[in-house]
Amino acid sequence: MIRHTIHTLLLITLLAITSCNSKDKFVIDCEIRGLDTGRVDMIYFNGHLNTVTAHAADSRVTMTGHTEVPALVDVWDSDGQLLFSLIAVDGDKLKVSMDLDNPLAATIEGNEASELLNRFRNDNAETIASGESDRINAAVEQFIIANPSSAASAAALMTLYDLNADPVKADSLLNRLDATARNLTSIRDFSRTLAVASASTAYDVVRPITFNITTDTTVEFIPYRHKCSLLAVTASRNDARTAKLLKALRRDYTSKKLNMIETSAIADSARWRAAIAGDSATWSQAWLPGGLGNPTLSHLAIPTTPYYIAVDSAGTQLYRGISIEEADSIIRSHLD
Numbered sequence: 036m037i038r039h040t041i042h043t044l045l046l047i048t049l050l051a052i053t054s055c056n057s058k059d060k061f062v063i064d065c066e067i068r069g070l071d072t073g074r075v076d077m078i079y080f081n082g083h084l085n086t087v088t089a090h091a092a093d094s095r096v097t098m099t100g101h102t103e104v105p106a107l108v109d110v111w112d113s114d115g116q117l118l119f120s121l122i123a124v125d126g127d128k129l130k131v132s133m134d135l136d137n138p139l140a141a142t143i144e145g146n147e148a149s150e151l152l153n154r155f156r157n158d159n160a161e162t163i164a165s166g167e168s169d170r171i172n173a174a175v176e177q178f179i180i181a182n183p184s185s186a187a188s189a190a191a192l193m194t195l196y197d198l199n200a201d202p203v204k205a206d207s208l209l210n211r212l213d214a215t216a217r218n219l220t221s222i223r224d225f226s227r228t229l230a231v232a233s234a235s236t237a238y239d240v241v242r243p244i245t246f247n248i249t250t251d252t253t254v255e256f257i258p259y260r261h262k263c264s265l266l267a268v269t270a271s272r273n274d275a276r277t278a279k280l281l282k283a284l285r286r287d288y289t290s291k292k293l294n295m296i297e298t299s300a301i302a303d304s305a306r307w308r309a310a311i312a313g314d315s316a317t318w319s320q321a322w323l324p325g326g327l328g329n330p331t332l333s334h335l336a337i338p339t340t341p342y343y344i345a346v347d348s349a350g351t352q353l354y355r356g357i358s359i360e361e362a363d364s365i366i367r368s369h370l371d
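In this text, residue positions in the sequence shown follow the numbering used here: the first is 36, and each later residue adds one.
Errors might be hidden in some of the hints.
Straight-line Cα separation of at most 16 Å, EDC-like style, residue types lysine to aspartate or glutamate; simulated pairs [to be verified]:
| # | residue 1 | residue 2 |
| --- | --- | --- |
| 1 | K130 | D64 |
| 2 | K130 | E66 |
| 3 | K279 | E360 |
| 4 | K279 | D363 |
| 5 | K292 | E255 |
| 6 | K128 | E103 |
| 7 | K128 | E147 |
| 8 | K292 | E360 |
| 9 | K262 | D347 |
These are calculated hints, taken from the structure and not from any lab test.
In this text, all values refer to a predicted model and were calculated from it rather than measured experimentally.
Based on the sequences and whatever the hints tell you, model everything.
What follows is the structure, given as structure tokens:
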């Protein structure tokens, strides 16, 4: 009898501890078909920026994190491709099912905000994939108007809206969100980013920039030396659409007429060098420590990746935004 009582008490204690622990973290169980044994990086902000690296087994991977306030969570593959975004808080258990080559068709279950955000991305997959700022911004605006009290709306604004296309409208949409929708750990930093995007300095003349590739190798972005220059800031080597258009631009215009530099926001130089190994790019490629926060880029107020800035020989910005198609069209109209 005593032994049975002790066993029961131990079981109750174990269950209590397990229950307590489950409330001190969030868990994301993923099946990412095509990942095999690849690596993923989970990034979220809970007052501090957190990066959790995990390796899959048979295309399955589980990640855990800790945040007492709902946080926007991004998961990337080892090439810097965004796989999915969701909203999580301690106590959540989420499930993700997707194909590595089609992130916009992912299935996400676990909480209402994440499911709503994912449905929006699924329903607007073609628009998002197009990279056309006007279409994407219009879709996000309609989503926010329809769901002003959901954190999914805040996440859509933070991750998909092209702030520089219309920073005033972005600020207006942010102010339409209810207090419940604003309850995200990263909303304050996003507000700062929006303020930067709204600043007139973001559209100033682009001055010469020197990118250090190694201790004795540099690449220069000097507008007055060329009729047109393009600065592409990326974080993935899997963007076939961008690579295709950059190759076409380099094929159609000489380096004297069009200067092109692609700088990477990948977290570290080793990953960047591995990513471009064997790359067939015929334009200059560089890497900056600190990514978008590097002082070399900070004055350009680049809010996200990929991002493209095209300038004329005076450094006047002809285009800035997330669409390589729009940048391509404007460059061609300026050079032809």
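Hint check, failures only | Violated hint: only 8; rest satisfied.
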